[in-house]
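Now for the letters of each chain:
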Amino acid sequence: MDKKIYLDNAATTKTRPEVVEAMLPYFTDLYGNPSSVYEFATQNKKAVDEARETIAKAMGAEISEIYFTGSGTEADNWALKATADAYAAKGNHIITSKIEHHAILHTCEYLQKHGVEVTYIDVDENGILKLDELEKAIRPTTILISVMFANNEIGTIQPIKEIGAIAKKHNVLFHTDAVQAFGQLEINVDDFGIDMMSASAHKLNGPKGIGFLYIRKGIKIRSLIHGGAQERQRRAGTENVPGIVGFGKAVEIALETMEERTKKEIMLRNLLMKRVLEEIPFVRVNGDKVRRLPNNANFSFQFIEGESLLIMLDMKNICGSSGSACTSGSLDPSHVLLAIGLPHEVAHGSLRLTVSEDITEEDINYTVDRVKEIVEKLRQMSPLYEDFMKKR
Amino acid sequence: MYTEKVMDHFTNPRNVGEIENASGVGTVGNAKCGDIMRIYLDIDEAGIINDVKFKTFGCGAAVATSSMATELVKGKTVNEALEITNKAVMEALDGLPPVKVHCSLLAEEAIHAALWDYAEKKGIVIEGLTRPKSDIHDGEEEVEY
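Going down the list, the sequences are from chains C and E. Just so you know, we're using numbering that gives the first Met the number 0 here: the first sequence kicks off at 0 and counts up by one. Just so you know, we're using numbering that gives the first Met the number 0 here: the second sequence kicks off at 0 and counts up by one.
Hints were generated in silico from the structure; no laboratory data involved. Beta carbons are placed, not taken as given, at the ideal position from N, Cα and C, and that holds for glycine. Be careful, since some hints might not be right.
Chain C is nowhere near these chain E residues, computed Cβ spacing over 10 Å in every case [stated by the list, open to error]:
1. Ala-30
2. Met-36
3. Gly-46
4. Val-62
5. Asn-78
6. Glu-119
In silico lysine-lysine, DSSO-like type, Cα no more than 30 Å apart, as pairs [unchecked claim]:
7. E:Lys-4 to E:Lys-52
8. C:Lys-216 to C:Lys-45
9. E:Lys-52 to C:Lys-371
10. C:Lys-376 to C:Lys-2
11. C:Lys-390 to E:Lys-86
12. E:Lys-121 to C:Lys-315
13. E:Lys-86 to C:Lys-376
14. C:Lys-56 to C:Lys-13
15. C:Lys-3 to E:Lys-4
16. C:Lys-389 to E:Lys-121
17. C:Lys-389 to E:Lys-73
18. C:Lys-80 to C:Lys-160
19. C:Lys-135 to C:Lys-56
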């Protein structure tokens with residue numbers, strides 16, 4: 000097959016042509032700086048305001064509660080660092096989970112070097128946060144709970160409403176990294192008790208380089224980026240107008256198409272998981288079977304290593320991702336797969352495939368056929384498989 | 000990421016398999032770190048490596064270095080095989096990305112481990128050969144699947 004089969008939509012997505020079209024005028028025609036006073040620039044300000052309104056409405060927030068950032072990672076950094084700073088008088092304790100994105104985990108590690116105490120809550124074998132441990136971890140000095148809405152590797156969706164309720168009960172702020180969930184799942188910040196939320200456009204068919212942080216009105220927050228008076232003086236830097244416009248358009252379309260799109264993704268994803276589980280021995284699905292992002296499938300194939308699998312899939316024009324050490328640039332496999340209790344060697348053999356609405360059943364069938372052949376080929380080469388078969 | 004030669008040896012690895020009643024078998028690396036190499040040697044009375052096979056669990060570079068290492072030792076004497084370094088394996092592959100250099104070390108180590116096994120079985124001492132450093136059974140717990 001000459002066609003590329005892109006099954007890495009959790010890494011990034013294709014920017015929709017309608018989104019690109021909406022952005023284009025803001026490069027060459029309406030290129031003014033929104034902060035300028037003349038009429039030419041005020042059109043840009045209006046475009047930014049409209050996008051902000053679309054995004055705010057999509058999550059039941061106020062327009063003034065959305066602050067654009069350069070990425071989801073920046074939003075995560077901002078939420079954690081600024082809260083630690085602004086609430087230092089109340090306490091220095093942050094609670095998060097063991098399976099957060101590195102944007103959260105590495106920020107927590109940084110804060111720990113600067114006097115902040117961090118508790119990392121365990122997850123169960125499906126990747127769901129242990130709520131009893133969360134509640135027990137709360138101290139009088141706890142200022143923030145930060146738990147991701149849905150996991151980028153295994154797709155597990157957290158009990159966000161319950162976490163929000165626990166945070167509220169103990170008068171602790173609740174931040175969620177919704178980079179994987181926003182545009183895929185229904186989110187209402189009031190219903191879920193969310194005080195701060197990070198998201199990124201490129202995960203929902205928007206452009207790269209634009210994200211936002213939702214900050215509930217009344218929360219004290221310090222700036223991360225200092226300079227001009229943009230974003231209500233909280234996030235300096237000339238607005239990425241085309242990016243913001245593209246983000247707004249992407250959110251608008253994501254909401255309109257959510258039901259139909261996710262229905263198709265679930266059908267494709269289920270076909271993929273069903274065939275792999277039925278036709279390939281010694282494989283497991285990682286993550287929760289039910290509380291799962293519509294587009295996510297994550298497998299561990301025993302006795303083989305993920306990078307080999309990815310390269311061979313790439314040679315068949317299939318794009319996927321793995322939690323093996325070789326793909327992470329370290330000796331350890333994915334912290335998420337280890338946190339759900341996988342032994343190292345099983346974690347090394349992981350494969351994440353994330354579908355989109357552009358994928359067809361034929362693509363899935365072609366992919367499963369190739370995965371089957373490659374897994375078999377790699378197992379024939381594997382000393383672990385040899386030992387296992389001899390022991391049987 | 001990889002050179003053409005690495006890709007060639009990864010996708011069409013030479014000498015994959017096992018040798019029954021091999022003269023020497025060496026297994027190095029560990030599953031925890033994500034790579035294990037096993038090399039089988041068939042060595043004749045004259046000390047010539049007549050046949051060599053390998054099995055590897057690991058990334059593209061791990062497979063390619065194993066494959067190249069087996070090609071380099073085939074037909075060589077034990078002493079010649081002992082002189083094949085990880086550098087030679089890397090050069091024969093037109094280089095490896097820096098993060099993958101350890102794979103070539105593992106390949107050198109796997110050859111040495113197989114030679115060590117051969118020497119032990121024969122009750123001989125191969126000059127210049129020291130006990131291989133890593134073994135999958137060192138400090139590793141059995142994992143139930």
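Query - C:Lys-216 paired with C:Lys-45 [C-alpha distance capped at 30 Å] - result: With a Cα-Cα distance of about 22 Å, the restraint between C:Lys-216 and C:Lys-45 holds, given a limit of 30 Å.
**Report entry** Straight-line alpha-carbon gap C:Lys-80 to C:Lys-160, limit 30 Å
**Finding:** Holds, at about 24 Å.
Query raised in the report: So is E:Asn-78 really clear of chain C, every C-beta pair being over 10 Å apart?
Result: Non-interface label on E:Asn-78 holds, nearest chain C Cβ at 26 Å vs cutoff 10 Å.
Query raised in the report: Are the Cα positions of C:Lys-3 and E:Lys-4 separated by 30 Å at most?
Result: holds (24 Å)
Query raised in the report: Is E:Lys-86 close enough to C:Lys-376, meaning Cα to Cα at most 30 Å?
Result: holds (28 Å)
Query raised in the report: Is the hinted pair E:Lys-52 and C:Lys-371 satisfied, with a Cα-Cα distance of at most 30 Å?
Result: holds (24 Å)
**Report entry** Distal placement of E:Met-36 relative to chain C, Cβ over 10 Å
**Finding:** Non-interface label fails for E:Met-36: nearest chain C Cβ at 7 Å, not farther than 10 Å.
Report task. Sort out whether C:Lys-56 lies within 30 Å of C:Lys-135, counting only the CA atoms. Result -> Not OK: C:Lys-135 and C:Lys-56 at ~35 Å, beyond 30 Å, violated.
Query raised in the report: Can the restraint linking C:Lys-389 and E:Lys-73 be considered satisfied, given a maximum Cα separation of 30 Å?
Result: holds (27 Å)
Query - 30 Å Cα cutoff - pair C:Lys-56, C:Lys-13 - result: holds (24 Å)
**Report entry** Pairwise hint evaluation, E:Lys-52 against E:Lys-4, where the allowed Cα distance is 30 Å at most
**Finding:** holds (19 Å)
Query raised in the report: Hey, E:Lys-121 versus C:Lys-315, does the alpha-carbon distance stay inside 30 Å?
Result: violated (46 Å)
In summary, the structure is inconsistent with hints 1, 2, 4, 11, 12, 19 from the numbered list given earlier, while agreeing with the others.
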